[in-house]
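Number of protein chains: 4
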Amino acid sequence: MAAKTVNVALIGTKFMGKAHSNAYLKVAKFFDVEPQPVMKAICGRHADETAEFAKRFGWESYESDWHNICSRKDIDVVDIATPGGLHHDMAIAAAKAGKHVFCEKPLTFSMKDARDMLAAVRQAGVVHMVNFNYRVVPAIALAKQMIAAGELGEVRHFRATYLQDWLTDPKFPMNWRLRKDAAGSGSNGDLNAHHVDMARFLVGEIDEVVGMKKTFIAERPAEGRSAGLTATAGEGTEKVTVDDATLFLAKFANGAFGSFEATRMAPGRKNYNRFEINCSKGSLVFNFEEMNVLQHYNCADPPGRQGFKQIMATEGVHPYAGNWWPPGHVLGYEHTFVHAVYELMKAIGKSAPGSAGGSIMADFRDGAQCVAVLDAVEHSIDEGKWARVEKIN
Amino acid sequence: MAAKTVNVALIGTKFMGKAHSNAYLKVAKFFDVEPQPVMKAICGRHADETAEFAKRFGWESYESDWHNICSRKDIDVVDIATPGGLHHDMAIAAAKAGKHVFCEKPLTFSMKDARDMLAAVRQAGVVHMVNFNYRVVPAIALAKQMIAAGELGEVRHFRATYLQDWLTDPKFPMNWRLRKDAAGSGSNGDLNAHHVDMARFLVGEIDEVVGMKKTFIAERPAEGRSAGLTATAGEGTEKVTVDDATLFLAKFANGAFGSFEATRMAPGRKNYNRFEINCSKGSLVFNFEEMNVLQHYNCADPPGRQGFKQIMATEGVHPYAGNWWPPGHVLGYEHTFVHAVYELMKAIGKSAPGSAGGSIMADFRDGAQCVAVLDAVEHSIDEGKWARVEKIN
Amino acid sequence: MAAKTVNVALIGTKFMGKAHSNAYLKVAKFFDVEPQPVMKAICGRHADETAEFAKRFGWESYESDWHNICSRKDIDVVDIATPGGLHHDMAIAAAKAGKHVFCEKPLTFSMKDARDMLAAVRQAGVVHMVNFNYRVVPAIALAKQMIAAGELGEVRHFRATYLQDWLTDPKFPMNWRLRKDAAGSGSNGDLNAHHVDMARFLVGEIDEVVGMKKTFIAERPAEGRSAGLTATAGEGTEKVTVDDATLFLAKFANGAFGSFEATRMAPGRKNYNRFEINCSKGSLVFNFEEMNVLQHYNCADPPGRQGFKQIMATEGVHPYAGNWWPPGHVLGYEHTFVHAVYELMKAIGKSAPGSAGGSIMADFRDGAQCVAVLDAVEHSIDEGKWARVEKIN
Amino acid sequence: MAAKTVNVALIGTKFMGKAHSNAYLKVAKFFDVEPQPVMKAICGRHADETAEFAKRFGWESYESDWHNICSRKDIDVVDIATPGGLHHDMAIAAAKAGKHVFCEKPLTFSMKDARDMLAAVRQAGVVHMVNFNYRVVPAIALAKQMIAAGELGEVRHFRATYLQDWLTDPKFPMNWRLRKDAAGSGSNGDLNAHHVDMARFLVGEIDEVVGMKKTFIAERPAEGRSAGLTATAGEGTEKVTVDDATLFLAKFANGAFGSFEATRMAPGRKNYNRFEINCSKGSLVFNFEEMNVLQHYNCADPPGRQGFKQIMATEGVHPYAGNWWPPGHVLGYEHTFVHAVYELMKAIGKSAPGSAGGSIMADFRDGAQCVAVLDAVEHSIDEGKWARVEKIN
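Protein chains in written order, with the numbering used here: chain A, 1 to 393; chain B, 1 to 393; chain C, 1 to 393; chain D, 1 to 393.
Note that these hints are calculated values from the structure, not bench results. Relax, there's no trap hidden among the hints.
Since the list gives no way to pick out one identical chain from another, each pair is judged satisfied if it fits inside one copy or across any two copies.
Here are the simulated DSSO-like pairs of lysine-lysine, each with C-alpha atoms no more than 27 Å apart in a straight line:
| no. | residue 1 | residue 2 |
| --- | --- | --- |
| 1 | LYS350 | LYS55 |
| 2 | LYS14 | LYS4 |
| 3 | LYS251 | LYS171 |
| 4 | LYS73 | LYS14 |
| 5 | LYS281 | LYS239 |
Modelling step: build the complete structure from the supplied sequences, incorporating the hints.
Here is the structure:
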């Protein structure tokens with residue numbers, strides 16, 4: 001008997017478009033999952049490029065107007081992998097059309113938009129999920145298990161830095177990520193968003209924040225041709241309208257302390273997504289640049305035998321890892337997307353959809369709550385003092 | 001106009017079968033390559049399992065007798081991903097049938113078989129390649145570039161350890177890798193083979209060797225059901241007929257010194273494939289457990305500013321890396337197979353095939369020369385003294 | 001001809017007393033320095049213990065009342081290695097008696113006291129130095145040289161964490177470091193003080209701060225017998241009157257951004273004094289737990305050859321290192337005190353004392369400015385908003 | 001009542017002379033030990049330099065002829081810190097004069113000399129100790145405790161590399177370490193000696209070896225002025241008469257496998273003394289460049305929570321560490337000499353001397369057995385095959 005399937009349409013053909021396409025391609029080859037995704041349609045702004053992309057990655061059809069995606073009867077799931085400024089309209093339209101919605105992070109930029117989106121998916125009764133893909137790094141899913149099992153005790157410190165360096169050079173040209181209308185914000189919405197979600201995932205809700213931000217290089221060469229994070233310069237210059245770096249301190253509802261730092265001006269840090277959690281019974285450390293490893297300090301180890309343990313989360317006993325290769329045969333960045341899509345399929349497969357279906361992935365409420373924290377950071381910066389984080393129900 | 005294609009048949013559906021299938025699935029999605037592989041046929045011993053595998057990975061057809069693969073007119077390339085004991089017959093049959101041959105390592109076990117295989121592919125004039133996949137780890141391909149460019153100077157030391165731990169537990173049951181008839185040897189053929197090839201790739205030919213080997217656990221529970229490197233025990237015990245560990249020292253033709261150590265009895269080492277090269281102008285270090293990093297010490301750095309540099313080989317300027325994700329978005333084990341298949345396709349695309357088509361991959365002569373080194377290691381162990389390595393032309 | 005000497009009196013016989021004694025013992029054995037210190041007198045509260053200490057470490061005499069130290073004619077230098085609450089009175093008395101003053105950090109707790117102390121040493125015209133000993137870790141002195149030489153360019157980020165774990169266990173008993181009257185504050189004055197000085201040393205003045213602090217464990221077993229950082233519990237409990245953790249964000253006068261985090265509740269972190277500096281031309285990373293290493297990322301390295309370099313600052317060309325052992329023969333914590341005393345002796349040896357004599361060590365103005373930053377952190381916490389840092393001239 | 005003391009005479013004023021002097025200076029300040037060493041006499045070849053050295057380090061007297069040391073009545077202990085070629089005559093003379101003997105490694109060069117020396121100290125009934133100082137690195141003493149307690153199980157692999165780089169540059173001039181008459185051998189006697197002792201200390205006796213050696217740079221600039229490991233070139237050249245690198249494989253009596261590699265031609269490796277031990281219950285890793293850390297993999301850790309643990313051996317519970325500073329306040333190279341002298345004093349303090357008095361330090365039998373292993377390595381090289389190691393009783 002053939003496996004149950006769902007038809008997926010993906011909007012977005014750039015960096016995220018590739019990462020999502022790869023995930024749909026692979027998920028049922030490495031995971032036993034029902035339903036299995038059928039790569040039904042890909043959507044991009046430029047018809048020719050999108051046709052080419054469809055052919056390359058094996059999408060059955062393509063569209064150059066995303067509205068078509070929502071109106072097509074043969075689509076069950078809409079996957080939104082576009083710049084954040086487009087998420088709101090797409091997600092609401094998809095939900096209204098009864099499609100399950102899988103949306104890239106950040107969910108959106110404003111609290112109002114976030115609430116609207118959440119209301120829409122709830123009203124539609126569809127599965128809704130936000131792709132905070134780091135949740136499904138095996139080492140991080142392991143951290144979640146350990147915290148949930150009480151192995152770490154009460155959390156006291158969450159300390160996160162997300163460092164990149166691609167804006168260090170003032171000659172690096174403009175692209176959409178540096179424009180407020182398309183990207184919403186810079187390092188805050190792009191990088192801190194990941195760590196705000198991680199903090200909520202592993203520690204709990206954030207009550208108050210105080211932050212600072214800066215655009216170190218205010219003007220850059222105009223955009224020429226770009227691809228992914230690289231680009232060549234065009235003529236003239238353009239004003240950068242987002243932050244290069246945003247830092248903030250946080251107080252969690254459970255009494256833990258948080259510090260967050262995101263920057264694109266840290267030479268040598270390519271995708272240095274690192275966090276450390278200090279608890280009453282031990283500590284955990286993760287650094288994406290060594291993504292297969294979770295460091296664990298356990299206060300219960302015998303005296304004289306204590307130390308940070310490098311757990312290489314590549315064994316069959318670790319989350320997701322057993323579906324891939326033997327121990328020590330390390331995974332990479334793209335595997336997180338496969339795991340996310342696996343969770344998406346499982347959520348859709350459950351009889352009673354709504355939210356992320358009990359998976360460890362984030363749903364739209366999580367996405368909205370992340371927006372609320374980032375929003376509070378902006379408020380704290382505007383007013384030079386601590387700001388309370390709005391609570392999304 | 002459609003891209004040129006070649007029809008591939010893959011023999012093997014286990015660990016390597018999955019890794020190769022994944023590579024064919026992905027290569028043309030991330031690399032612009034001609035010809036592109038068509039996943040024509042998969043071959044496994046058990047028809048049902050193979051049918052299932054074909055469906056899962058998208059192979060167009062399947063066979064349960066590998067001879068059929070060789071006789072099928074619609075196959076251009078035969079990819080042999082079986083235990084080493086089967087390589088000889090398969091490769092020769094494929095070559096005789098005029099197929100290009102892509103063969104897993106080790107090429108085979110005996111010098112006679114290796115010479116026969118090399119003669120067969122040469123006579124057939126087909127492309128022949130051995131999948132020493134570590135050559136195409138971006139960090140290692142970078143090392144090769146640096147050495148070739150003279151950045152390191154004269155090589156003096158090559159020091160390699162390939163450590164695993166899956167045989168530490170005496171209760172771990174038998175599988176084919178522990179039987180001499182199927183696997184040829186244990187750690188020597190499986191693990192040292194990789195480093196012998198790496199040494200030849202980066203340093204040059206090996207003239208003489210002296211070694212030692214041991215089977216620490218002589219008898220193990222009989223095999224029950226196995227999958228990849230894991231298995232459950234059946235009833236009774238069986239004698240292990242291969243080595244758990246093999247070490248040897250080597251003298252290179254160019255005067256460099258080598259040391260090699262392979263073991264499956266090193267607790268905590270999952271796939272610790274590490275080597276260090278010390279040269280007249282600097283040093284290089286690689287460890288597969290951090291496969292995205294090449295360490296480089298450069299004697300030409302200014303005094304007081306010298307040290308081992310951690311080059312994360314994930315930038316556009318690094319080999320293969322630019323086809324994947326932005327810098328710092330790390331790759332994993334399976335990407336090496338994609339790069340290998342990319343090199344295979346390029347070699348096939350050249351007008352005058354024969355050998356590995358000028359790529360950095362190993363051809364059958366390389367595979368045979370590796371067998372010659374491993375063979376000399378065995379001789380040296382038998383005789384308790386240094387043994388000369390036979391030279392394959 | 002005999003070398004010039006100065007007579008030193010040290011107040012303090014605990015952790016810091018040992019560290020300073022060891023430094024006086026060793027400085028002239030490993031460094032050619034004039035004047036050389038004569039270990040004239042040691043001062044501690046308990047006569048018997050102090051006599052014992054004097055004998056053990058080779059101090060010529062001892063006192064149990066520090067006022068005697070100041071009135072003794074045979075003392076040239078007073079070294080204050082007591083809890084911070086005693087620094088003010090001791091330093092002013094010593095200065096008034098015309099002694100050079102070497103004071104442990106933090107200089108003192110309040111702005112008023114700091115100003116008084118600075119005025120006293122200035123008026124006395126004596127050499128004054130605060131023992132921010134991390135400045136003279138070879139790897140850090142190297143960092144200073146590199147920044148001063150323009151190798152890093154404009155500083156954009158300074159990110160510091162000083163993590164310890166000795167208060168994680170609620171059963172750890174009280175000691176003077178947990179009492180506000182003796183210690184001034186907890187992690188802020190003890191740990192952040194080091195990083196505030198480091199930030200000023202390497203980056204520049206701090207203009208504004210905003211912080212948060214917390215005492216996670218409000219009450220602890222009463223003090224029994226203690227030694228260094230360890231202690232046994234007595235009867236009953238006592239209220240902890242200092243912070244367990246203090247975090248703050250900072251804006252530097254030159255536009256750089258800073259983040260500081262100090263805690264004694266980070267399991268596994270023993271003396272994790274780590275900072276990272278991101279600049280326009282590169283980055284530097286230091287972690288005391290690997291104190292012989294400075295990590296350097298240099299944007300000027302050739303494309304494809306960039307990465308963090310591990311400079312082991314143990315070579316003759318590195319600051320202080322050449323006076324000790326051959327390269328790679330690593331130094332430890334206590335060597336920083338020897339270097340500090342070496343700088344003290346050099347400063348005293350100069351014809352025109354006043355301040356730290358042009359050395360890289362901190363003088364009382366630096367010490368006072370550090371107090372001003374910590375003070376502003378406290379203000380910002382009290383008021384829940386950014387606070388300006390007072391400027392000491 | 002005053003502590004018991006012994007009068008020490010030290011022969012040697014260079015690198016080792018400094019390291020030993022520092023140890024005598026410090027041992028009784030940080031350790032409660034009886035007897036305490038009195039720094040009675042220092043001996044060096046050049047009277048003026050030795051007088052200067054005596055004054056600097058606080059030796060009460062000096063000699064320029066070592067025979068005087070042995071005939072002086074006021075000397076209880078002779079510490080031999082000269083090049084190895086002088087050890088034999090000095091140790092025998094000291095023993096005959098009834099002095100306890102503390103000798104730098106290697107004990108000597110030939111089996112005959114080693115046997116003579118061992119016979120001499122045994123006949124004299126004095127304490128005899130060889131300064132294999134790495135035994136008393138806290139992390140290594142901890143490793144010894146763990147192995148002795150059965151925490152690791154049966155040893156299967158000992159893998160050691162001792163890498164330095166000071167001979168990489170062909171312009172580096174001659175010094176005594178490159179002359180066979182003074183140094184006995186090069187990397188083998190200097191560096192492998194340490195690891196042979198370590199192997200015996202942690203694993204057990206070695207039965208058989210097979211090795212290789214090479215002098216990569218046969219001729220060097222004549223010696224000019226030298227100090228420690230650095231030197232300036234004089235006129236002309238001189239032939240190097242020792243090996244730059246020596247590697248060997250080993251079979252232990254208990255069935256374990258060993259590999260040893262020493263070289264002075266490994267760019268970037270300053271004092272890279274690293275070993276790894278794989279056992280039936282776990283693994284240990286040590287690297288001197290991070291000398292405060294012992295890595296431990298424990299097979300008994302729960303599934304999914306296994307990994308290499310970084311034990312920072314700086315806590316009170318760790319060997320020697322509690323006598324120094326609080327946890328995380330790292331120790332350096334020179335502390336190993338203090339620990340060695342502490343063990344020496346304890347051995348002398350025991351009522352029944354002879355051998356190393358039950359301490360974990362090596363005695364002359366250990367030193368002689370190490371010579372036997374190095375000697376067998378040389379034999380194996382001469383004959384191109386495995387050589388048996390002579391057994392010293």
